[in-house]
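Number of protein chains: 2
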Amino acid sequence: MPKHYGSLRRLSSLIFATLLPLLAIPSQADTYQFPKVPVPADNPMTPEKIELGKQLYFDPRISLSGAVSCNSCHNVTGNGTDNLPLSFGVFGRVDTPRNSPTVFNAAFNTVQFWDGRARSLEDQAEKPIQNPIEMGMPSGVAVVDRLEQIPGYREEFAHVFGDKKPITFHHVVEAIATYERTLITPDSPYDQYMAGNKKALDPSALSGMKLVEATGCETCHAGPMFDNTGTPMGTGFYQKFPSQPDYEPCAKYVKQYNLHGDEGRYKVTRKAADKNLFKVPTWRNVALTAPYFNYGTVQTLPEAVKVMAACQLRKKLSEKEVADIVAFLNSLTGKFPQQTLPQLPQTPDTTLLMGVPALTKAADKKMAH
Amino acid sequence: MPKHYGSLRRLSSLIFATLLPLLAIPSQADTYQFPKVPVPADNPMTPEKIELGKQLYFDPRISLSGAVSCNSCHNVTGNGTDNLPLSFGVFGRVDTPRNSPTVFNAAFNTVQFWDGRARSLEDQAEKPIQNPIEMGMPSGVAVVDRLEQIPGYREEFAHVFGDKKPITFHHVVEAIATYERTLITPDSPYDQYMAGNKKALDPSALSGMKLVEATGCETCHAGPMFDNTGTPMGTGFYQKFPSQPDYEPCAKYVKQYNLHGDEGRYKVTRKAADKNLFKVPTWRNVALTAPYFNYGTVQTLPEAVKVMAACQLRKKLSEKEVADIVAFLNSLTGKFPQQTLPQLPQTPDTTLLMGVPALTKAADKKMAH
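Protein chains in written order, with the numbering used here: chain A, 191 to 559; chain B, 191 to 559.
No incorrect hints appear here.
Lysine-lysine pairs mimicking DSS-like chemistry, simulated, CA-CA at most 27 Å apart:
(1) K389(A) <-> K510(A)
(2) K551(A) <-> K551(B)
(3) K442(B) <-> K465(B)
(4) K317(A) <-> K461(A)
(5) K442(A) <-> K510(A)
(6) K457(A) <-> K445(A)
(7) K445(A) <-> K551(B)
(8) K457(A) <-> K551(B)
(9) K317(B) <-> K551(A)
(10) K461(B) <-> K445(B)
(11) K445(A) <-> K506(A)
(12) K400(B) <-> K226(B)
(13) K317(A) <-> K551(B)
(14) K317(B) <-> K461(B)
(15) K465(A) <-> K430(A)
(16) K317(B) <-> K355(B)
(17) K510(B) <-> K389(B)
(18) K551(B) <-> K442(A)
(19) K442(B) <-> K551(A)
(20) K400(B) <-> K510(B)
(21) K505(B) <-> K465(B)
(22) K510(A) <-> K400(A)
(23) K457(B) <-> K551(A)
(24) K388(A) <-> K510(A)
(25) K457(A) <-> K430(A)
(26) K551(A) <-> K445(B)
(27) K445(B) <-> K465(B)
Hints listed in this document are in silico derivations from the structure and should not be mistaken for laboratory results.
Source: prediction; values computed, not measured.
All chains should be built: construct the whole structure from the sequences, respecting the hints.
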């Protein structure tokens, strides 16, 4: 059974287990709950802020081209990714550096990005918008300038934030992060099982559940999100990947899937100890978010399981073991929230998207024609 | 007051008007209704087909890159366009040939595309998917191949169409067209006014309503959608644009906005009479769908009104007249349907989007790196 807590909590579990027959404490099945989403004290959730954040999340006008939104790469009509190895950036750029992780349950990540360079969803949201490869806005000020020209946003920001200057870039990312905190997927077969429905997992998934412990996957893929061992929010739980490149089967994968091409957290800290360190990603909905790893070079989940066994644990799994682990990982696919489609505030009589650089060049060519 | 019918119907209206005092027939205010959407007999609407069509409409996997959906350019979180002069195509291509018209109320268009080259929504949907610039799929068969690999679609198509081979390209476009027939925007201020709420239009809009008749705009922008004079579905109502290029103010616009760069319907028929002929576009929600005309070269609605007056009617309007007509056009902004966000069927354990050409090239470069 997956460990849900760090060593201290494991100790208390042990005490619990020992006392259980004596005290008739309710069993785990009665008390199991999908965790509550952590909300920072300085950015409380309100229905209006969620709705505003959803509009901004879907709004391509916060990209330079006017054609890329948060949802372009973290598509919430699907699994919160684009299922591409690397996403297309602004103007169709193909040099985005890493695979887009899912936005679902990202609210539980203790840090954001593969290299943990953002400590919160708010910090995260600032970056792709201003990344010249991704959404291409030259600055937060440029984002605010765009939004100030949309009457509906002026009203909504004033209503939600009520400040003298309601539209600020910080408020933009606060609203987006607030929406993202609603993108939670509880009630997976695993959660149903933990809540007492013993039929929710089939024998293969149950065998997989034991295997992820026996094999050692859970050393890192622990806790309710299977991504840390009780690490506090904002801290980050990292592992070296690949950690066993000298193990022959891993060496083969390193070459085949380019597992050594990315310095990981070292790029952020420039500390030698952080070379090839990556945030341990969640297992929640992992079956849906192919392809895998920082470059998205591995197409299937069974192959990803083999790579991890070889490159992190120096183990070679049998085909049956791989299939069982994959069955368990599939049991972590949760229920995606039913959502209404946002209606983006409009700019009657005009558009903000004349003179987009790439299009302007093409239009000039057509005019000269 | 805008004409809602062709000449035959105008005759019957005249008879009505003559008989009205005698027969105490209910006034127009009591009987006015936003028109019912026309549905072809061989593609009836069902809730399941609508939902399937919505999923396909939002699904970027029916493009070669895996990143462009119908919704990318005809964005239903907004006004059914992308508010760009020309849309970005697949792989960020900037050579899309014409401005993307709105999908809202497209179900009422008697033909589709600026040049009317599709006679129905079904015919229309086939084309961008297979256009090498737009969504880039090499064929309808290639679309079916992708969808066949998505278990949820196999089930849904079988449920909706129940054929032996349920996923066909024709069924794909039937489902998309069915969803599009729900994208209707009734209950605009104009509709409220016509239904008897005389306060729904302010004096400027009312003055504009008279002006569009007096100026002659309604010669073409007639009927409930303000886009034809009673033309039957599948037929197409076209006008030459610009029709007055020798009128000096128009000549200036032709040069400034490249109004002569597009042969229009001639490209489809190769008939000399069809040179520079375009489908008359609807006025419904026109205030939201800037920029204007086939190349999207005109940024604002007031400017578009001036261009039309000069280039179609040899007229120069005063600033007040322009403002009133713009106020009337704004009264044609309807209520957009509340929608749920679709949930796209997934491909557990794998992705269909490895080896996308542009990304593959970039990935190879990274591997070589």
